[in-house]
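Participant: Mind docking chain D on chain V? Use the hints.
First to last, the sequence lines map onto chains V and D. 117 is the number of the first residue of the first sequence in our numbering; add one for each residue after it. 395 is the number of the first residue of the second sequence in our numbering; add one for each residue after it.
Derived from the structure by calculation, the hints contain no laboratory data. What you are looking at is a predicted structure, and each value in this text was computed from that prediction instead of being measured. We treat Cβ as the ideally placed atom computed from N, Cα and C, and that holds for glycine.
What follows is a set of in silico ranges between Cβ atoms, one per label pair, in the way DEER data are often shown:
| id | chain 1 | residue 1 | chain 2 | residue 2 | range |
| --- | --- | --- | --- | --- | --- |
| 1 | D | R816 | V | Q236 | 55 to 65 Å |
| 2 | V | T295 | D | D555 | 20 to 30 Å |
| 3 | D | G412 | V | T120 | 22 to 32 Å |
| 4 | V | T305 | D | S424 | 33 to 43 Å |
| 5 | D | G412 | V | E221 | 25 to 35 Å |
If you want the ones that stay clear, here's a sample from chain V, every Cβ over 12 Å from chain D, calculated:
| id | residue |
| --- | --- |
| 6 | H212 |
| 7 | I228 |
| 8 | R237 |
| 9 | A240 |
| 10 | D242 |
| 11 | R244 |
| 12 | E260 |
| 13 | V280 |
| 14 | G285 |
| 15 | D317 |
| 16 | R333 |
Each chain is listed here by its residues.
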Amino acid sequence: MTATCPSGHVSATSDYCEQCGAKVAGSGVEAAPAPGQPTGPLPAPPAAAQPCPDCGAAHVADDRFCEGCGYNFVAGSSAQAAVPSPATTREDWEAHVAADREYFERVSPRGIDFPADYRQRAVALDGRELRIGRGGYSADGPPEIDLVEAGEDPAVSRLHAVLVAQDDGSYAVVDQGSTNGTSINEDPTWIAANVPVPLADGDVVHLGMWTTITVRRTTAGATGM
Amino acid sequence: MSTFTAQTYQNEYLPLDGSEVNAVVTVTASGADASAASSSAAAEIVIVDTSGSMSSPRAKLRAAQQATAAAIDCIRDDVAFGVVGGRERAYPIYPENGALVSASSATRAEAKHALAGLKARGGTAIGAWLALADQLFVTAPNAIRHAILLTDGQNEHETRDELRRVLSTCEGRFQCDCRGVGTDWEVDELRQIASVLLGTVDIIAEPSDMEDDFRSMIERAMGKRTGDVSLRLWTPEGADVMFVKQVSPTIEDLTGRAARVDAQTADYPTGAWGNESRDYHICVHVEPHAIGDEMLAGRFTLVVDDEPTSQALIRAIWTDDEQLSTRINREVAHYTGQAELADAIHDGLEARTAGDDPTATVKLGRAVQIATESGNEATMQLLKRVVDVEDAHAGTVRLKRAVDDADEMALDTRSTKTERIRRSAP
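Here chain V stands alone, though its shape is the one from the complex (with noise of 0.2 Å):
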């Protein structure tokens, strides 16, 4: 069952909004709760919507993205879409990591400063598990792309994602809980926490307040086989 909003959002929680938490409407809500209202009822677990159309999982109504195949239903873009066709020789892919400074305008609250000299890098993507954060204290040292090095970003959390090698040899971004999320591209909605989101060549990945990823495939690719 679901409900909607005054605001026309679809919700599948039916006391409020589930996005904007408007009451919606026959709710059946008291207005004015008396101060130490017991319990309420759970509301109603979200039913099966209409499954993946790109995979045919089913869809848990409130889960922005596909358990799958991570489509996003929001957005209604498919992540697999993005994928390179598996390549028939191994690729190389190096991520290069900026500020990019229209992204800071767009997200970044007042009071906060652009960087002046920030270090530019391209780290090489070899195949490993490569971890994105800022000089945490893990039991496995500091993350490979360690943010503190380069005009410290102070929304990027300690360990904000990673970057794994798929089958093919391109790479996927998995956000590790981070507090301030991660996005890609235009799509200002943060990906799901834990979900791998393959990356094409050119995707930008962007967290914290100005840092940027941009993933690239470089053509030097042979590897004598």
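Facilitator: Same frame as chain V, but now just chain D:
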């Protein structure tokens, strides 16, 4: 398994342009059957400091041995347990093979026998001790895991970074109550450990008090029946969670511990629960709405072993009736005061240590005032050992010239213990 309920206490009315929503949510777990021991496996490790300083005075090591023995006696049958010794490295005291054993009268006797032979020598590296405990706990994967850490000194034989690294590894894997004996340990250091590992911190000023304290810690740990409980907080689009704090029985700021579920939802860890009740203060900023509008500012769900159970709603209703919007909810006011009390004590003691007597006098005076107003008798008693109170209601105090170190540390460690709000019967 316990049954959980959640209740909201708040004034949901906001004035025009009001955006800050405060609520206290009381969570109560009940129905955990103390006799149903088998329903929830438990693992217990006692970590005893056996560094050189534990032998001066000699009574310290002896008290630690006795207290650990008393704790072992309280471990119920079939609980996996072990005792770890700490120097500049950690070593297993019992069992010696680097695993945990199942408690029985035979293994408890063996453990106590092993304790009797302890020698105090060497240094202090608490991170290494915790790391060994973590390794041992791996052998009890499905148990509710609890440790007691006893130390008498500062963490001198490893860097702060090393300790932090171990802590971030252990986070979420076991809970640890920390105790400092004597006055040579550092309150902030143990508090940091206890805070990350969702445990308590306290001072044992007199070695002779150790036994009772250990016994009660183990009894509390044995009473935990539900292993993994998180608070899940949903907030509407455009809202900011200002803070999520446990405010009773002690103040623990959980804001930074959020594990994001999706863009609008985060989980906050609370560890294991027995039959008990805790209060949480939640503050959310929402986008102001028109007069007469109502919205949900937060949906607070208890997630028990990954299953959402009961929930409480935090609402916002905009009104032009000032009588409604200016009222401050009793529970919110009370716990805002208790948080200010803890801060005033912390700041006051810090100023006192730095030699800034005027600031210390003002801060500790304010603490006396709040403790009096809120009926926090326990904190008031501790304050009185550090200041002479002239007028409790006005907050006029004089700093005592000579203060026992142990009294100051007791005030510091226990400053986050709050007075529960008294609720009139419905």
